[in-house]
Each structure stands twice: as C-alpha cells, then as structure tokens.
Amino acid sequence: MNASDQGGDSVAGTSENAGIELGRTSGGGGASTIQRDWHNPAIGMFDDVAQVPGSAKPDPILVASEVSRSFGGLRAVDVDHVEIQRGAITALIGPNGAGKTTFFNLLTNFDTPDSGKVSFDGENTTGVRSHELASRGMVRTFQLTKVLAKMSVIDNMKLAGQAQAGESMWRALTNSWREQERGVEERALDVLDEFNMIHMKDEFAGALSGGQRKLLEMARAMMAQPRLIMLDEPMAGVNPALTQSLLGHVKRLRSEGISVVFVEHDMDVVQDISDWVVVMAEGGVIAEGPPGAIGANPAVVDAYLGSSHAALTEEIRSVSDGGSEAAGEPESSAESADQAKQGGDDE
Amino acid sequence: MDWNAIISNGFRSGISQQAIIFALAAIGLNLHFGYTGLLNFGQVAFMAAGAYGVGITTDTFGAPLWVGIIVGLLAGVVLGVLLGFPTLRLRADYLAIVTIAVGEIIRLVVRAAALSDITGGSNGINGFANSFQDWNPFNNDATYGFRLFGRINLEFSGADLWELTVGWSLVLLSVLLVWKLVNSPWGRVLRSIREDEDAATALGKNVFRFKMQSLILGGSFGTLAGIFYAVQQNSVQPDNYATQQTFFALTAAILGGLARVWGPVVGAMMFWVILSLAENILIELIENGIMPDWLMERSQVGPVRFMLVGLTLVLLMVFRPQGVFGDKREIAIDERK
Chain A
267 MNASDQGGDS VAGTSENAGI ELGRTSGGGG ASTIQRDWHN PAIGMFDDVA QVPGSAKPDP
327 ILVASEVSRS FGGLRAVDVD HVEIQRGAIT ALIGPNGAGK TTFFNLLTNF DTPDSGKVSF
387 DGENTTGVRS HELASRGMVR TFQLTKVLAK MSVIDNMKLA GQAQAGESMW RALTNSWREQ
447 ERGVEERALD VLDEFNMIHM KDEFAGALSG GQRKLLEMAR AMMAQPRLIM LDEPMAGVNP
507 ALTQSLLGHV KRLRSEGISV VFVEHDMDVV QDISDWVVVM AEGGVIAEGP PGAIGANPAV
567 VDAYLGSSHA ALTEEIRSVS DGGSEAAGEP ESSAESADQA KQGGDDE
Chain B
54 MDWNAIISNG FRSGISQQAI IFALAAIGLN LHFGYTGLLN FGQVAFMAAG AYGVGITTDT
114 FGAPLWVGII VGLLAGVVLG VLLGFPTLRL RADYLAIVTI AVGEIIRLVV RAAALSDITG
174 GSNGINGFAN SFQDWNPFNN DATYGFRLFG RINLEFSGAD LWELTVGWSL VLLSVLLVWK
234 LVNSPWGRVL RSIREDEDAA TALGKNVFRF KMQSLILGGS FGTLAGIFYA VQQNSVQPDN
294 YATQQTFFAL TAAILGGLAR VWGPVVGAMM FWVILSLAEN ILIELIENGI MPDWLMERSQ
354 VGPVRFMLVG LTLVLLMVFR PQGVFGDKRE IAIDERK
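Protein sequence lines, in the order shown, are assigned to chains A and B. In terms of this note's numbering, the first sequence opens at residue 267 and continues consecutively. In terms of this note's numbering, the second sequence opens at residue 54 and continues consecutively.
By construction, these hints were calculated from the structure, which means they are not laboratory data. The reader is advised that the hints may include incorrect statements.
Claimed, not checked - Listed below are the simulated EDC-like cross-link pairs for lysine to aspartate or glutamate, each with C-alpha atoms no more than 16 Å apart in a straight line:
#1 A:Lys517 - A:Glu460
#2 A:Lys467 - A:Asp421
#3 B:Lys233 - A:Glu447
#4 A:Lys383 - A:Asp346
#5 A:Lys467 - A:Asp456
#6 B:Lys381 - A:Glu447
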C-alpha cells in the first residue's frame with residue numbers, strides 16, 4: 267500500500283512541476299508562441315449584425331430554432347432562435363441555472379430536445395447521433411474534464427483521429443492500419459507540441475493536474491479536426507497563468523478558421539477573447555451583442571442581479587468597502603460548484 | 054506427508070482441462086471488464102449456450118460434432134446480441150443485472166422436465182462427442198510424459214494429452230487474437246469507453262457498436278469454454294453452469310491482472326493450483342494426524358480450499374492490487390479520483 271502511494275505521489279510531483287514550468291513560459295516569455303497576437307479573421311464580421319436576441323448572422327455555422335427541453339415541470343431551455351457565426355469566437359454566458367449546459371447538450375445531441383430544429387453547416391441535425399455529429403466536425407469538451415485517466419496522453423490524442431481504419435474489428439486483425447496509424451501519431455505529436463505538452467506524452471492522463479487536463483482535452487478536440495468546437499467552461503478551475511495559455515490556444519483556433527462557442531463565467535475572459543456574446547437566462551436567449559456593449563445591456567444586468575439590483579448594489583457597497591472583485595470572488599466559486607452539480611445531474 | 058503427490062497434483066491442476074475452461078472464460082471477461090468496462094456477471098450463460106448448442110445439435114438432432122461446434126459458437130453470438138441490444142445503451146449496472154439473471158434463466162430452462170426431450174432435463178445430455186476421441190492422434194492406451202526427478206508424476210494418458218493439446222491451443226489462439234486486437238486502434242477505443250463513454254462519443258466513436266462487438270467477442274470466448282467443457286466431458290450437465298462459475302472466472306481474471314493479455318490465463322492456472330495445493334495439503338495434514346480433529350475433518354476440506362482461494366485474493370488485493378501482471382501506476386490513478 268505504502269509503495270503504491272509513493273508511486274502515485276512521484277507521478278503527481280513531476281506533472282506538477284511541468285505545470286509550473288508551462289505557466290512560467292506563458293506568463294513571462296513574450297516570445298512564447300502562446301503569447302503571440304493571433305490574426306483575428308472575425309474583425310468586422312459583426313458590424314452589420316443587430317444587437318438583439320436571435321439576430322441573423324452573415325454566415326452562420328450553427329442555427330437553432332425553437333429548441334426547448336423540459337425536465338418534469340421545469341422548462342430548462344426554450345430558445346426561439348439563435349445563430350452562431352462561422353469563424354468567430356462566440357461566448358455563451360448567463361447566470362446559474364440559465365440552461366447553458368443543457369443547451370450545449372441539445373446542440374451536440376448529447377440530449378434530445380422536446381421540440382425544435384438545429385442545423386449545423388446547413389444540415390439538419392435532428393436524429394443524428396452525437397458521435398456522428400462529432401465526426402461531421404462539431405466537437406465538444408465537458409465542464410467536468412473528461413480525460414481518459416488510465417490511458418497515456420499520446421493515446422488520448424491518437425484516439426481523436428477521425429476515420430481510422432484500424433477501428434474496425436476485422437481490419438484491426440490485419441496490419442493494413444499501421445500506415446495510417448503512423449500518420450495519426452505524427453499529427454498527435456504535432457498538436458501536442460503546439461500545446462507545449464509533448465514532454466508528457468507517455469504519462470497517464472490521470473496523472474496530469476487539473477489545468478493540464480483542460481489543455482489535453484482541448485488538444486484532443488483539435489486532433490479531431492473540428493469545424494466547430496464547443497468548449498464548456500474551458501477555464502474553470504485553472505490558474506491565471508494557464509488561463510492565459512488556454513486563451514492563446516482558443517485565439518489560435520480562430521486564426522485557423524475554426525468556429526468556437528464557449529460557456530464561461532469569468533467576464534474578463536469573455537471580454538478578452540470573444541467576438542460576440544450570447545446571454546441566456548431562465549432557458550431563453552435574452553441578449554446578444556459584442557463583448558464591449560453587452561455589460562451595459564439592461565436585460566443582462568437584470569438577469570445577473572435581479573430587477574431590484576439598484577437596491578442590492580447599494581447594499582453590497584455599504585457592506586464591503588473593498589472593491590467589487592472581493593465580493594465577486596466567493597460568488598463565482600459558489601456558481602461553478604452549482605454548475606458542476608448541475609452537470610452531474612444531467613448525466 | 055507425500056510431497057511428491059502434492060506437487061504432482063498441483064502441477065496437473067494448473068494445466069488441467071478445468072484450468073483451460075476457466076482461462077478461456079476469463080479471457081472473455083477480461084475483454085469485457087478489463088478492457089471495455091462491461092460488467093458481465095453471466096459469462097456462464099455463454100458457456101451454457103455453447104455447451105447446449107453442441108449437445109442438442111449432435112444428440113437431439115443427430116448432426117456431426119463439427120456442425121454442433123459451429124452451432125454452439127453461433128448460439129453464443131446470438132446470446133450476445135440479445136443481451137446487448139436492450140442493455141448496452143443504458144448504464145453499466147443494467148448489463149450486470151441482466152446477465153446474472155440470464156445465466157440463471159438458461160440453467161433453469163435447460164434443466165426443466167418439460168424440455169427433457171431436447172435438453173435432457175436434469176440428467177443433461179451424454180455421450181454425444183465420441184468422435185472427438187476418434188480424432189485423437191495419440192495412443193489411448195499409452196502414457197506420455199515423465200517423472201520429474203524420478204518421483205513427481207507428470208505422466209498423462211493419450212486421451213488426456215489430446216484434450217490438453219487442443220485446449221491449450223485454443224487458449225493460445227485466443228490470447229493471440231486478444232493481443233492483436235487490444236493493441237490496435239480498435240482496442241484503444243475499447244479502453245476509452247472503459248474510461249469515459251461520453252468522451253469517446255464526443256470524439257466521434259460509436260460507443261454502442263464497440264460495446265456490442267466487445268460483448269459478443271468476449272462472450273464467444275466463454276462459448277468456446279463451454280464447448281470445450283462439453284466435448285471433453287462428453288456430457289452436458291445443467292448444474293455445471295451455475296452462477297458461481299462466472300465468479301470463479303472473474304476471480305481468475307483479477308488474480309492474473311485485468312487488462313493484461315496473459316492475466317486471465319495465469320490467473321486461471323493459479324486458481325486451480327491453489328485449490329489443488331490447499332486440498333492435498335489439508336488432506337495430508339488430516340490423514341497424518343497433524344491437523345487436530347476438533348479443528349477440521351476430512352469432509353470440510355472441500356469448502357475450506359475455496360476459503361483459501363478467497364484469502365489469496367484478499368492478500369493479493371492488499372499487497373498487489375493490480376494483480377500479478379497489472380501496472381501499479383494505474384491503481385495509483387484510481388486512488389486519486
């Protein structure tokens with residue numbers, strides 16, 4: 267028992283070091299690839315888009331119409347219309363219980379809507395099974411990171427390769443897949459390299475720290491060569507240095523022409539990387555707009571603070587003379603704990 | 054104490070027909086549980102499907118043995134499909150519940166008096182596999198083998214040697230097949246399903262299809278075990294297919310180390326060696342008056358040897374939780390979850 271405990275610790279120790287090292291390069295070194303200013307193809311894309319819920323986009327990759335889902339008496343999601351622009355980063359925000367994760371599950375067919383229609387790249391996705399949707403190019407990650415713990419990092423990556431002949435049981439018995447496997451491995455190593463994770467390719471994914479798991483999940487999603495990547499709270503529980511690195515990767519995805527949708531609670535992150543923000547509350551879309559303008563939208567302020575927010579903010583101000591940051595901290599951690607619980611219930 | 058007999062019996066048990074049967078069944082369970090994370094508590098149902106497939110085809114319908122063997126294998130595939138369709142889309146526990154129930158249902162159905170024209174009822178089916186010994190290239194009247202150091206008897210009859218040759222060849226081929234498959238991208242998908250089905254789905258893998266393939270293939274190793282059992286015994290008895298057989302096979306798989314190609318084979322050999330050593334040593338102790346009467350009698354040896362296997366499993370879980378062949382690092386990951 268003792269021996270196995272020690273074994274586990276030593277694995278954790280090395281990976282922890284790696285995390286710190288990674289954080290340092292991204293935080294300190296201006297020359298790091300992560301800190302590069304990636305080209306943003308989405309600049310100007312939203313100039314003519316109306317800042318109202320359900321507004322039409324010039325080139326939508328994902329369109330959801332009248333999507334609803336109830337759990338018993340609770341109407342968790344009831345979205346009239348929403349379009350996601352191709353080639354841009356769209357943030358999906360909203361207070362607790364707004365139905366963001368449920369909506370995510372409905373868009374990716376991990377859950378079936380009671381009514382409504384979703385189309386991905388012009389094709390109706392109703393009745394398409396979630397794994398098929400993933401092979402068509404809509405790849406998602408999860409709020410609670412799902413690394414394949416007892417598989418090595420490189421195996422996690424290789425798994426994500428699409429259309430692998432060796433995944434047929436009969437062809438697995440021959441050697442016909444070996445050629446393709448070499449290509450898959452090469453690509454997996456390239457992607458790992460881009461994510462600065464190549465030094466831990468042979469470690470078990472379960473031995474990685476929380477932030478590294480988020481990185482691995484994102485790298486793995488990239489490996490699947492998606493056209494649209496759906497990130498469910500990619501920054502949750504990640505230290506600030508690693509957050510910067512993750513943000514850099516998301517921007518790089520956009521510069522490579524991949525459309526990104528992500529759920530996030532941290533408004534600084536939303537301000538930093540999103541081109542367009544969709545706000546959900548009580549299951550519906552209540553506002554849309556560019557990140558700079560969304561905070562001033564009265565509907566959004568109401569949704570986050572309640573309609574009697576004027577009195578409430580007064581109260582907060584009188585209780586704490588410290589900044590809003592101190593007051594925001596415990597609230598957001600409680601929120602993510604709630605979200606985690608909700609995610610668990612969904613499954 | 055007759056140590057020569059104890060060692061000789063231990064060795065013979067380790068490579069016995071029983072060890073072969075449990076090695077095959079455990080290879081299947083290892084594919085199910087070790088690689089795919091499927092909880093199949095009804096491997097004995099596959100064994101019964103194979104055994105009765107052979108027995109009924111050859112005895113009741115008079116077909117030749119090789120036809121019976123093919124029918125037996127197909128019966129296992131059909132059973133896998135029937136078990137998989139309703140359960141594999143649900144959570145893992147449903148497969149466990151359904152398989153353990155189906156194992157008992159099959160045993161109770163085949164031993165029912167109403168079906169005794171077909172299945173032989175509680176008497177089973179006997180004497181349908183004589184042609185298996187007709188194919189025996191060894192001389193049935195001769196003995197093969199040698200005496201180690203001139204004392205430890207390692208001699209086998211021609212009939213035994215034929216059965217062991219066929220049986221261990223089947224085990225070897227099965228291990229090769231599993232080795233080839235689990236080291237392919239197909240095996241990688243199985244392991245990803247064991248770790249997290251949703252993650253595999255999100256990466257575009259049809260989880261249901263892979264689980265179904267794993268269930269059928271792993272079940273087929275159980276079917277093969279049942280066919281070998283029936284043919285080697287030249288008999289099918291319903292009560293040989295009781296629930297505990299599944300758990301003996303599962304014990305063997307865990308002893309050897311899950312998700313290791315050779316694990317179930319070594320585990321099955323260990324299982325029977327421990328049983329044999331325990332039995333023979335206890336009997337010798339009692340017969341030589343070393344074991345006091347108030348502690349244990351001869352009639353208690355049978356159950357106690359299974360207790361000792363259980364104790365071995367407990368000790369193994371404490372000191373080597375990954376089994377004989379397992380990887381310690383994998384267990385460490387389990388602990389931190």
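Hints, verified against the model:
{"no.": "1", "hint": "A:Lys517 - A:Glu460", "in the structure": "holds, 13 Å"}
{"no.": "2", "hint": "A:Lys467 - A:Asp421", "in the structure": "holds, 8 Å"}
{"no.": "3", "hint": "B:Lys233 - A:Glu447", "in the structure": "holds, 15 Å"}
{"no.": "4", "hint": "A:Lys383 - A:Asp346", "in the structure": "holds, 10 Å"}
{"no.": "5", "hint": "A:Lys467 - A:Asp456", "in the structure": "holds, 11 Å"}
{"no.": "6", "hint": "B:Lys381 - A:Glu447", "in the structure": "violated, 28 Å"}
In this structure, only the earlier hint numbered 6 is contradicted, and the remaining ones agree with it.
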